[in-house]
Structures are given as structure tokens and as C-alpha cells.
Amino acid sequence: MCASRPVIVMQVPERFYKSETSDFRQELKTMLHSERPRIVLDCSGIKHIDSSGVEMLLDCMDEAMKRDGDVKLAAVAPGSAVILELMKVDRLFEVFDSAEEAVRSFQGFPVEEIPQSQPWMENFGELKAAS
Amino acid sequence: MDVGAIVIVEAQGWTDESPSQSKMAELSSATSFAGGTPAFIDLLGRSLLEHTIDRLLTAHVKFTSLIVHPDVAASIPVFRCPMGNLTMRVADDPWAAVAQILESYWRTGCDCAVVVKPTAYIEADLADLLDFHREGERMVTRASDREGSLDLWIMNCNPNEEVAGDSLTAALLQPDLFPASYFVKEYVRRISHPEDFRQLVTDAFLERCSLHPIGEQRRPGIWADEDVEIGRGARIVGPAYLGARCKIGERAVITRFTNIERDCYIDYGTVIENSSVLPNTYVGIWLDVRHSIVQGNRLLNLERGVLVEISDSRLLRSNVPAGQSKRTPTFVPKPAHPSPLPQAKTFHRIRSVSTTTEFES
Numbered sequence: 457m458c459a460s461r462p463v464i465v466m467q468v469p470e471r472f473y474k475s476e477t478s479d480f481r482q483e484l485k486t487m488l489h490s491e492r493p494r495i496v497l498d499c500s501g502i503k504h505i506d507s508s509g510v511e512m513l514l515d516c517m518d519e520a521m522k523r524d525g526d527v528k529l530a531a532v533a534p535g536s537a538v539i540l541e542l543m544k545v546d547r548l549f550e551v552f553d554s555a556e557e558a559v560r561s562f563q564g565f566p567v568e569e570i571p572q573s574q575p576w577m578e579n580f581g582e583l584k585a586a587s
Numbered sequence: 013m014d015v016g017a018i019v020i021v022e023a024q025g026w027t028d029e030s031p032s033q034s035k036m037a038e039l040s041s042a043t044s045f046a047g048g049t050p051a052f053i054d055l056l057g058r059s060l061l062e063h064t065i066d067r068l069l070t071a072h073v074k075f076t077s078l079i080v081h082p083d084v085a086a087s088i089p090v091f092r093c094p095m096g097n098l099t100m101r102v103a104d105d106p107w108a109a110v111a112q113i114l115e116s117y118w119r120t121g122c123d124c125a126v127v128v129k130p131t132a133y134i135e136a137d138l139a140d141l142l143d144f145h146r147e148g149e150r151m152v153t154r155a156s157d158r159e160g161s162l163d164l165w166i167m168n169c170n171p172n173e174e175v176a177g178d179s180l181t182a183a184l185l186q187p188d189l190f191p192a193s194y195f196v197k198e199y200v201r202r203i204s205h206p207e208d209f210r211q212l213v214t215d216a217f218l219e220r221c222s223l224h225p226i227g228e229q230r231r232p233g234i235w236a237d238e239d240v241e242i243g244r245g246a247r248i249v250g251p252a253y254l255g256a257r258c259k260i261g262e263r264a265v266i267t268r269f270t271n272i273e274r275d276c277y278i279d280y281g282t283v284i285e286n287s288s289v290l291p292n293t294y295v296g297i298w299l300d301v302r303h304s305i306v307q308g309n310r311l312l313n314l315e316r317g318v319l320v321e322i323s324d325s326r327l328l329r330s331n332v333p334a335g336q337s338k339r340t341p342t343f344v345p346k347p348a349h350p351s352p353l354p355q356a357k358t359f360h361r362i363r364s365v366s367t368t369t370e371f372e373s
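So the protein lines, in turn, are chains D and B.
Sequential numbering from 457 applies to the first sequence in this note's numbering.
Sequential numbering from 13 applies to the second sequence in this note's numbering.
It should be emphasised that the hints constitute simulated quantities derived from the structure, not laboratory data.
Source: prediction; values computed, not measured.
Some clues are possibly wrong.
Sample of chain B residues lacking proximity to chain D, with all beta carbon distances greater than 10 Å (derived) [as the list claims (entries may be wrong)]:
1. Arg-67
2. Pro-82
3. Leu-98
4. Trp-118
5. Gly-160
6. Tyr-199
7. Ile-242
8. Arg-329
Derived pair list, reagent style SDA-like, types lysine to any residue, alpha-carbon separation capped at 20 Å [to be verified]:
9. D:Lys-544 with B:Phe-52
10. D:Lys-474 with B:Arg-302
11. D:Lys-544 with B:Ile-297
12. D:Lys-544 with B:Val-265
13. D:Lys-544 with B:Glu-315
14. D:Lys-544 with B:Arg-302
15. D:Lys-544 with B:Leu-142
16. D:Lys-544 with B:Arg-247
17. D:Lys-503 with D:Val-465
18. D:Lys-544 with B:Arg-263
19. D:Lys-503 with B:Glu-321
Listed next, with one range per pair, are the computed distances between beta-carbon atoms [said to hold, decoys possible]:
20. B:Arg-247 with D:Leu-548: 20 to 28 Å
21. B:Pro-232 with D:Ser-490: 55 to 63 Å
22. B:Gly-245 with D:Asp-479: 40 to 48 Å
23. D:Asp-479 with B:Gln-229: 53 to 61 Å
Don't be surprised by glycine CBs; every beta carbon is placed ideally from N, CA and C.
Modelling step: build the complete structure from the supplied sequences, incorporating the hints.
This is how it looks when you write it as C-alpha cells:
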């Protein structure tokens, strides 16, 4: 059930550099290795972000997608938003005004409710085998 | 009688009196974005200052003087075209300098002078304005438009005339003493906000004003100056302007109302839309720049009202060390009274803005 897997909200550090966020990365790694991770990164505290920070966001998204989960961004300050736009990263993430909204968005579209096997998929398999 | 001209460049950044945009104005003025004064920004190949002086020369003024505040004298742009007998004076008090210059014009046979501050792009009919001034036998005529007074005056040069019991020289120190009386019907664009600068570029592209890009129109809506290099697979969608010695990398896209000024390099795959890239700027690989003004490593996003300074030189950087320009000087105004010029302090100011987001490597 959706309720059994909570959405995890993590506060992104003020200086979002790979070199200065070892604790954050370790914690994030643990979260990402769970089944279908649902993570909200609260970016309201970011004052400085560098290319390794953007790379971390992308890695995080990649890991979550591999496990059928998702990572969403919340409260991205205008300065950080400009950087994400500039690097064409903004369109890869769902971005919300607040962490609460981001959490609600997970509840609105629970991953569990999407059937893993659809009748048309079975038919598609049969058609593929026939061809 | 002959006519002289005086152009005053003050040490002011962007200003805006609208409360809704005060944050933007504060940000822009505090950071001295684009050299500290809008007059020095390149606009389709030439600075607003040069466009202003060019309009005066077209109106056949006999002498032109440029008064520059010491704070911005170091960053005065090199002019693209010869500027005739233009002389430059660095002065703290521009109106005292105006009074002295008017007197010198009087001695050389000028009865009046056009005095202008390039805080707006004004296409006033100067011949009509002079006729209006002379017919009305005024000492000072100030121009205005629908939005109010403009920084454009016609002033008599005779130092012996009196205004309200005061000499003209003394009266000039209070320029607001003279109410605006001449209405400008032609195109006017005040440059009090970076958005105005972008709007002027757009208006020029749409031929709403007579400001034309320097260079030639290679295809309808696409202007390019000399020695422009365009990489394989790059796409230029008009209206767009490419300044002198620009390099557009492979697969880059320059689209809709974008002006890339001189000596810029837009690298592989980058998209620039509805933006201005100011001279000597490198924009890195595979970036997306929209609705912005970019200068060196600073990017002002007009949609979000945010200025970011990026210290990762792979993304944005200045092509040349600060204070040096690749442009071959065509004309450098000679100072009337040489004085030591202060160093530009724009970098220190931009560091002090709390909303600035650094992007460090």
C-alpha cells in the first residue's frame, strides 16, 4: 500500500557541493537503496550550488528511477532554479513550491495503484510471439 | 547660428521607481550590472551612448562634448565610428561643467546647445525641437513625452542671460527649474530597467524605431557584423543579431529576438532565446539561456528577476581579462582636462548582493 512506504523529505545543505556533503550523501544513498524510494529534496536552504551538486541530483534521480521510485524537488530558490534551467536539468524533475506540496503529489499518484500487468501487455506479448 | 551638443553620463545604475519592480531595481543597481550605467551597454553593435551621439551628429551639431562622472570614466566604451570633434571631460558636478561648456560654445558662435543624458533612447526631431526653442525665445526648453520629462534640453549658450533673477550658469545647477514644454511625438524608450533594454532590442528588430543593427542583413531578420563564424549544424532563427567576430558553435541555436554582441563565443549545442549576450562573453556547451542578459560570468534572468554569478568557467566566463577589449579602437574621445581615472569596482559590488547564487567549480 501507498501508506506503508512513507515519502522521505530531506533538507539539502546550504553549500551543495560533493566535497562538503558526505553525511548528506551517505544518508541519501541509504534512502535510495530502499524499494521504490520516494524522496523530496527540500532545496530552500541552498545558497551555493556547483556542478557536482547538479550531478548529485541527476545521480539521485537515476538511482530512484532504477528502483521504480522518484525524486522531487521543493522550494527551489530563484537563483538555484536559474542554474537548473541553464543546465537543462529543471525539466527532468518535478518541482514544487513547498515540501508539503511535493509530498502530497506522491499521494495523488501512488505508484502502487498502477497495475504492473495490463491485459493489453499480455496481448502485446502474444502478438510479438506470433510475429 | 551654430548649435553645440553636450552629453552627460552620470554614475547611476539601473533605476526604477515602480514599487513592484523595486527588488529588481535594487538588485540591478547594487550589482552595477553591465558596467554600472545603461549608456555603455552594447545594443546591436554600438553602445547607447554612441547611438545618442550619432543622432546628434546626424542633426549637424557643430561641437559635441561628453561629460562623464569619474566613477564610470574607466569603463567608457570605445566608439565604433568616428565621432567628429568630440571632446570628453571627467567631472563630479555635471551641471557646473555644462555651464562652462555653454560659455565656450557661445564664444565660438553657437547660440544654443542640445543637452542630453543617455538614460533613454529618444528619436526626437532635433531640428523641430530647435525651431520650437528659438521661436518661443526661451532660455531653456525641456522635452517630454507621455510618461513625463525627458533628460533632453535645448539651452541658450549666452552666459549673460538671466533666469528668475539669477544668471543662466547658476540656474543650470537647478535643472528642474525649467518645466518640460516640448512634446516628443517620436519613439522614446527609457532605459531604467534591464527589461527596457530588452524591449528596445525587440523594438529595433520589429522596426518600431529607427535603430538599426550594425552589419548587414544576411537573411530576412538576421543581421551579422564582420568576421562572424557559424559552426556546422548551428541554427539562427530571426530576428537575431550576431556582433563582430562572434563564433557560434556547432549545433547551437540562436533564436527569436536574441542579440549576441561582439567577440562572443556560443559553444556546442547551446540554445539562446530572447536574450542579450553582451560583448566578450563565452557561453559553454549544451546550455539553455532564455529571457536573460548575460555578461561575462553573470546572468540576469528577467523572468525570475534573479542575477546569478557563475564561477564555473566551463559554463559562463568573460573572454578577455577585465578592462581589456579585443575591439580595435576606431575612435577614442580625447579628454578636455586629463585626470586620473579610477578603477572599476563592479566585481566587488556584485559580491555584496545576498541573493546572488554562486556557481562554483
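Going through the hints against the structure:
Its beta-carbon lying about 36 Å from the closest one in chain D, Arg-67 of chain B satisfies the requirement of being farther than 10 Å from that chain. The beta carbon of Pro-82 of chain B sits about 33 Å from the closest Cβ of chain D, which is more than 10 Å, so the claim that it is off the interface holds. Listed as a non-interface residue, Leu-98 of chain B keeps its Cβ farther than 10 Å from every Cβ of chain D; the least gap is roughly 40 Å. Interface exclusion of Trp-118 of chain B from chain D stands, the closest Cβ pair being 53 Å apart, more than 10 Å.
Non-interface call for Gly-160 of chain B relative to chain D: holds, since the shortest CB-CB distance, roughly 32 Å, exceeds 10 Å. Every CB of chain D is more than 10 Å from the CB of Tyr-199 of chain B (nearest about 32 Å), matching its label as outside the interface. With a minimum CB-CB distance of about 22 Å to chain D, Ile-242 of chain B clears the 10 Å threshold, and the non-interface call stands. Chain D leaves Arg-329 of chain B outside its interface by the beta-carbon criterion, the shortest separation being 14 Å against a cut-off of 10 Å.
A C-alpha spacing of about 31 Å is found between Lys-544 of chain D and Phe-52 of chain B, which places the hinted pair above 20 Å, so the restraint is violated. For a cut-off of 20 Å, the pair hint linking Lys-474 of chain D to Arg-302 of chain B is broken: about 28 Å separates their Cα positions. Proposed proximity of Lys-544 of chain D and Ile-297 of chain B is supported: the alpha carbons are some 11 Å apart, at most 20 Å. With a CA separation close to 14 Å, the supplied pair Lys-544 of chain D and Val-265 of chain B stays within the 20 Å bound.
Pair hint Lys-544 of chain D plus Glu-315 of chain B holds up; C-alpha atoms about 16 Å apart against a cutoff of 20 Å. Proposed proximity of Lys-544 of chain D and Arg-302 of chain B is supported: the alpha carbons are some 11 Å apart, at most 20 Å. With a CA separation close to 54 Å, the supplied pair Lys-544 of chain D and Leu-142 of chain B exceeds the 20 Å bound. At roughly 19 Å between alpha-carbon atoms, Lys-544 of chain D and Arg-247 of chain B fall within 20 Å of each other, so this suggested pair holds.
With a C-alpha separation of about 19 Å, the suggested pair Lys-503 of chain D and Val-465 of chain D falls inside the 20 Å cut-off, and the hint holds. Restraint check: the Cα-Cα separation between Lys-544 of chain D and Arg-263 of chain B comes to about 16 Å, which is no more than 20 Å; the hinted pair holds. For the hint pairing Lys-503 of chain D with Glu-321 of chain B, the CA-to-CA distance comes to about 12 Å; that is within 20 Å, so the pair holds. In this structure the hint that Arg-247 of chain B and Leu-548 of chain D lie 20 to 28 Å apart at CB holds, the actual value being about 24 Å.
The hinted window of 55 to 63 Å between Pro-232 of chain B and Ser-490 of chain D holds, with their beta carbons roughly 58 Å apart. Remark: the range hint 40 to 48 Å for Gly-245 of chain B to Asp-479 of chain D is upheld by a beta-carbon distance near 45 Å. Evaluation of the 53 to 61 Å hint for Asp-479 of chain D and Gln-229 of chain B yields a pass: the beta carbon distance comes to about 58 Å.
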